[in-house]
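Asker: If you want the building blocks of each chain, they are given just below.
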Amino acid sequence: MLDYAWIIPALPAVSFFVIMFFGKRAPKHGAEIGIAAVGASFLLSCVAVVEWINRVEDATGGESHGLVALGKSIFAAGGAEHGVAPVVHTLTWWTSGGTEFGVGTTVDGLTVMMMFVVTLISLLVQIYSTAYMHDDRRYTWFFACLSLFTASMLTLVVSENLLQLLVGWELVGLCSFMLIGHWWEDRANSRAAIKAFLTTRVGDIGLMIGVIIMFFAAGTFSIVGINEYALGGEAQHSLLMFGALCLFIGIIGKSGQFPLHTWLPDAMAGPTPVSALIHAATMVVAGVYLGARVYPVLYEGFNIHDGGANFMAIIGGVTILIGALLAFVQRDIKRVLAYSTISQLGYMVMALGVGAWTAAVFHLFTHAFFKALLFLGAGSVSHSGSHHSFDMKSDMGGLRKHMPVTFATFMIGSLALAGIFPLAGFWSKDEILATAGESGFDAFVVVGLIGAVLTAAYMTRCVYLTFFGEYRGHGHPHESPRAITVPLIILSVFSVLAGFANAVPLGIHKFTEWFEPTFAFPHLVHAEFDYSLAIISVAIALVGIGIAASLWFRKEELGPFAGLTKRNALAGRGYTFLENKYYLDFLYENVIVDGIRGGVARAYYWFDQNVIDAVVKGVGRGAARAGRFAYDALDQRVVDGSINAIAAGTGEAGGAVRTVQSGRVQRYALLLFASVGVMALAVFLANVD
Amino acid sequence: MWERDIAFWVIALAMMAAALGVVRSRNVVHAALFLVVVLAGAAAIYILLVAEFVAWVQVLIYIGAVVILFLFGIMLTRAPMGTEEGKLDNDQRWAAGVVALFVLGVLIALLVDAFGGTDIKFTNALVEQGRTRTVSNSLFRDFLVPFEVVSMLLLAALVGAVVLARRD
Amino acid sequence: MDLNAFLILAAVLFCIGIYGVLARRNGVLVLMSVELMLNAVNINLIAFSAYVQDVSGQVFALFVITIAAAEVGVGLAIVMLIYRNLRSPDLDKIDQLKG
Numbered sequence: 135m136l137d138y139a140w141i142i143p144a145l146p147a148v149s150f151f152v153i154m155f156f157g158k159r160a161p162k163h164g165a166e167i168g169i170a171a172v173g174a175s176f177l178l179s180c181v182a183v184v185e186w187i188n189r190v191e192d193a194t195g196g197e198s199h200g201l202v203a204l205g206k207s208i209f210a211a212g213g214a215e216h217g218v219a220p221v222v223h224t225l226t227w228w229t230s231g232g233t234e235f236g237v238g239t240t241v242d243g244l245t246v247m248m249m250f251v252v253t254l255i256s257l258l259v260q261i262y263s264t265a266y267m268h269d270d271r272r273y274t275w276f277f278a279c280l281s282l283f284t285a286s287m288l289t290l291v292v293s294e295n296l297l298q299l300l301v302g303w304e305l306v307g308l309c310s311f312m313l314i315g316h317w318w319e320d321r322a323n324s325r326a327a328i329k330a331f332l333t334t335r336v337g338d339i340g341l342m343i344g345v346i347i348m349f350f351a352a353g354t355f356s357i358v359g360i361n362e363y364a365l366g367g368e369a370q371h372s373l374l375m376f377g378a379l380c381l382f383i384g385i386i387g388k389s390g391q392f393p394l395h396t397w398l399p400d401a402m403a404g405p406t407p408v409s410a411l412i413h414a415a416t417m418v419v420a421g422v423y424l425g426a427r428v429y430p431v432l433y434e435g436f437n438i439h440d441g442g443a444n445f446m447a448i449i450g451g452v453t454i455l456i457g458a459l460l461a462f463v464q465r466d467i468k469r470v471l472a473y474s475t476i477s478q479l480g481y482m483v484m485a486l487g488v489g490a491w492t493a494a495v496f497h498l499f500t501h502a503f504f505k506a507l508l509f510l511g512a513g514s515v516s517h518s519g520s521h522h523s524f525d526m527k528s529d530m531g532g533l534r535k536h537m538p539v540t541f542a543t544f545m546i547g548s549l550a551l552a553g554i555f556p557l558a559g560f561w562s563k564d565e566i567l568a569t570a571g572e573s574g575f576d577a578f579v580v581v582g583l584i585g586a587v588l589t590a591a592y593m594t595r596c597v598y599l600t601f602f603g604e605y606r607g608h609g610h611p612h613e614s615p616r617a618i619t620v621p622l623i624i625l626s627v628f629s630v631l632a633g634f635a636n637a638v639p640l641g642i643h644k645f646t647e648w649f650e651p652t653f654a655f656p657h658l659v660h661a662e663f664d665y666s667l668a669i670i671s672v673a674i675a676l677v678g679i680g681i682a683a684s685l686w687f688r689k690e691e692l693g694p695f696a697g698l699t700k701r702n703a704l705a706g707r708g709y710t711f712l713e714n715k716y717y718l719d720f721l722y723e724n725v726i727v728d729g730i731r732g733g734v735a736r737a738y739y740w741f742d743q744n745v746i747d748a749v750v751k752g753v754g755r756g757a758a759r760a761g762r763f764a765y766d767a768l769d770q771r772v773v774d775g776s777i778n779a780i781a782a783g784t785g786e787a788g789g790a791v792r793t794v795q796s797g798r799v800q801r802y803a804l805l806l807f808a809s810v811g812v813m814a815l816a817v818f819l820a821n822v823d
Numbered sequence: 003m004w005e006r007d008i009a010f011w012v013i014a015l016a017m018m019a020a021a022l023g024v025v026r027s028r029n030v031v032h033a034a035l036f037l038v039v040v041l042a043g044a045a046a047i048y049i050l051l052v053a054e055f056v057a058w059v060q061v062l063i064y065i066g067a068v069v070i071l072f073l074f075g076i077m078l079t080r081a082p083m084g085t086e087e088g089k090l091d092n093d094q095r096w097a098a099g100v101v102a103l104f105v106l107g108v109l110i111a112l113l114v115d116a117f118g119g120t121d122i123k124f125t126n127a128l129v130e131q132g133r134t135r136t137v138s139n140s141l142f143r144d145f146l147v148p149f150e151v152v153s154m155l156l157l158a159a160l161v162g163a164v165v166l167a168r169r170d
Numbered sequence: 265m266d267l268n269a270f271l272i273l274a275a276v277l278f279c280i281g282i283y284g285v286l287a288r289r290n291g292v293l294v295l296m297s298v299e300l301m302l303n304a305v306n307i308n309l310i311a312f313s314a315y316v317q318d319v320s321g322q323v324f325a326l327f328v329i330t331i332a333a334a335e336v337g338v339g340l341a342i343v344m345l346i347y348r349n350l351r352s353p354d355l356d357k358i359d360q361l362k363g
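Going down the list, the sequences are from chains A, B and C. Just add 134 to wherever you are in the first sequence, counting from 1, and you've got our numbering. Just add 2 to wherever you are in the second sequence, counting from 1, and you've got our numbering. Just add 264 to wherever you are in the third sequence, counting from 1, and you've got our numbering.
I should point out that these hints are in silico values taken from the structure, not numbers from a laboratory. Fair warning: this is a prediction, and the values are worked out from it, not measured in the lab. C-beta: ideal position from N, C-alpha, C; glycine also. Hints may contain errors.
Selected chain A positions facing chain C (in silico; Cβ < 7 Å) [said to hold, decoys possible]:
(1) G603
(2) T784
(3) R798
(4) A803
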């Protein structure tokens with residue numbers, strides 16, 4: 135299967151076309167086609183995982199496949215003791231000007247892990263959707279989009295070179311756009327879709343430039359080739375730094391990092407299964423995946439081995455905190471989870487930034503399960519408990535008696551997210567913190583711990599508002615159908631068990647052994663299990679839960695803090711600040727967009743009126759004053775006359791410059807051609823013999 | 003090869019006169035017809051330079067399509083067909099003339115300095131190079147990707163023009 | 265034959281084009297002047313192609329012709345839009361950016 139990895143994305147791609155053309159006539163309106171294709175992909179991914187594990191266990195590296203032999207020789211020169219090379223297959227896609235552009239597959243531990251996660255969650259989400267989207271008017275189209283999304287994400291995951299990865303990257307963005315706007319009749323939804331598309335596009339520009347920089351630096355688009363180049367020691371450091379920076383901008387856009395995170399909460403306008411699949415478990419981690427894929431570039435470019443604060447870790451750390459704080463002021467359960475996703479993605483990016491590659495990928499792995507579980511749980515609540523509303527304060531509460539399965543699985547997901555021993559989130563979050571501490575990034579350990587308290591607290595609030603207290607809705611809450619609860623149960627099993635793949639104190643390092651690259655990869659620190667840190671982080675999460683519980687459980691509202699925002703001006707202002715999402719949307723929409731729309735011209739006019747005129751007047755006035763000062767000392771007529779002339783001259787010059795801003799394009803063109811002519815003449819005269 | 007020189011000068015003078023006609027004519031339709039002369043002259047220059055394929059593309063695309071588009075544009079915007087002085091020109095034509103002459107002076111000085119006394123040699127290799135086979139080999143081998151990109155650009159321009167011009 | 269003959273012809277056409285772009289009021293006429301400039305560039309490309317005996321110049325000229333066609337299409341659509349909004353194809357009516 136490792137050699138035929140292209141089949142895995144090909145199956146859902148075929149299913150997309152089949153559903154699109156024949157879905158409406160199929161007995162289940164296309165759902166069964168999508169589920170069958172993704173199910174087959176899932177089974178093949180399982181085979182690929184097993185084969186990869188065998189390959190690693192054999193540790194001989196197996197027989198060389200094609201290009202791998204080439205890689206091996208470079209690898210031998212690198213001087214590492216052993217390494218399992220990825221299985222690479224390429225075809226020439228097209229040739230231009232002597233450069234070959236390939237298309238192919240690279241399969242290594244990271245790839246098979248991602249394929250497993252993506253296909254598993256896609257499968258569960260599709261099963262879930264058969265019930266959740268039951269009466270939707272675009273039911274068939276929805277399944278077609280889900281299939282296309284799975285195919286694009288898998289293409290991104292297995293791609294052999296950055297160009298192919300970029301194709302997958304844009305395709306998942308497109309699917310995200312289509313699915314957020316699935317109910318486009320509502321204007322808010324189509325606006326959210328456009329916002330998501332355009333915001334991630336800002337990051338994509340960075341990624342594209344980064345890919346181009348890396349191509350010209352390394353002379354190839356191949357991921358293995360670029361990684362080898364970055365580690366080869368011959369790379370120019372500044373080039374790597376700019377490349378890493380541009381690639382990282384792509385990561386910021388896709389993975390919802392500060393300051394481009396604002397699209398992710400709005401993306402919750404899409405159907406809930408989409409939020410679970412795309413905006414929690416798979417697409418948003420594409421950025422983290424890219425970071426993990428080209429890690430040597432980031433590692434060398436940002437000097438991660440030095441142990442100092444770097445751009446990546448700082449962005450990750452900031453994102454953890456702002457995401458977690460914003461989660462407190464949301465009424466909409468999906469928005470709480472969206473901000474939580476932002477915060478958890480911050481953990482992954484920070485982990486990459488502090489050199490904890492394995493921990494980052496491990497957190498990606500565990501987070502996919504429990505966050506998908508939480509989203510699907512929220513969907514289940516709104517489907518059967520609150521009349522399709524997501525408002526925790528007005529339509530939920532007391533649902534634990536009515537929806538026992540949803541409640542139990544949601545609790546497991548929340549505890550896993552909060553990092554309570556021994557659920558999945560505990561192991562991965564702890565590994566991030568331990569590695570950060572081991573590599574000397576103490577400040578980021580503190581940030582991570584603060585994030586842990588906040589996470590535990592906002593999840594307690596969320597669980598309380600949804601499942602405890604009195605029912606505030608107007609429907610007849612009941613448990614969801616089996617198509618919804620079964621995926622929840624499967625995901626909660628994974629949320630409990632996934633962490634044990636890398637339970638270091640129990641002597642299990644399987645995740646590290648199987649999935650961490652050993653080929654063309656920097657030597658990273660692997661932290662020993664730190665019992666004190668683990669105890670602190672669990673204790674701190676429990677404290678978070680405790681505080682939140684005492685606030686929300688004991689009193690109906692905030693307890694001693696009830697009305698705090700009204701009583702205390704500072705707290706009130708803080709709340710408003712959070713409610714307005716740090717005014718970032720305001721900055722983007724009002725200041726930047728409006729500024730560009732009409733403001734630049736107006737700003738120039740203002741500049742003209744106030745600054746240039748002021749300078750002109752100031753010069754005139756200053757000169758006049760100087761003239762008066764000199765009145766006694768110097769000859770009155772000469773000095774006065776010349777000074778007046780200067781003042782009047784500058785004033786007229788200011789006025790004359792103003793007329794340049796005629797607003798007429800041909801006047802500007804006239805100046806353009808005249809100045810080009812002058813410049814050409816200057817260059818010519820400077821170079822003529 | 004004095005025939006070539008004579009041909010060149012005849013074509014060149016006609017082109018310059020017609021180009022002046024394009025920018026000075028008081029009738030928009032006449033300007034478009036002068037443009038046809040310039041474009042045909044350019045095609046003739048290409049033939050002089052042994053670039054036959056480009057010459058025919060020039061005739062087909064420019065004279066065949068672009069000029070027709072211009073005529074449609076003139077018709078649809080009901081441009082004044084009258085002959086009143088200054089109606090078609092704006093108030094900065096003297097400044098424009100000065101700038102144009104200035105740029106021309108700089109360009110000619112540059113060209114004389116850089117390429118004075120260099121000759122184009124009309125060899126058999128050049129004739130071979132002008133053949134459509136050579137051009138198409140280069141176009142579809144070395145420049146395949148730019149070619150595809152240009153086709154995308156044309157599509158984008160098509161969509162853009164439709165979006166801009168439709169009434170809604 | 266002298267290379268400069270072609271280059272200077274192109275320079276003259278180019279500058280006549282500049283004059284037209286700057287001095288014409290009607291949008292359609294401005295676009296025609298742009299075509300003059302593009303043709304001047306094409307003559308340069310073909311002349312250099314013959315001078316260095318490399319076919320790339322001709323291929324580039326083909327690209328320029330293609331893009332000029334696209335430019336005219338979009339440009340005329342814009343002129344139509346101006347005409348529809350201002351009831352006149354005159355470019356100096358558009359001065360909303362006046363400072």
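Asker: Next step is simple, just say for each hint if it's right about the structure.
Answerer: Comparing the hints with the structure gives:
no.: 1; hint: G603; in the structure: 58 Å, violated
no.: 2; hint: T784; in the structure: 19 Å, violated
no.: 3; hint: R798; in the structure: 5 Å, holds
no.: 4; hint: A803; in the structure: 6 Å, holds
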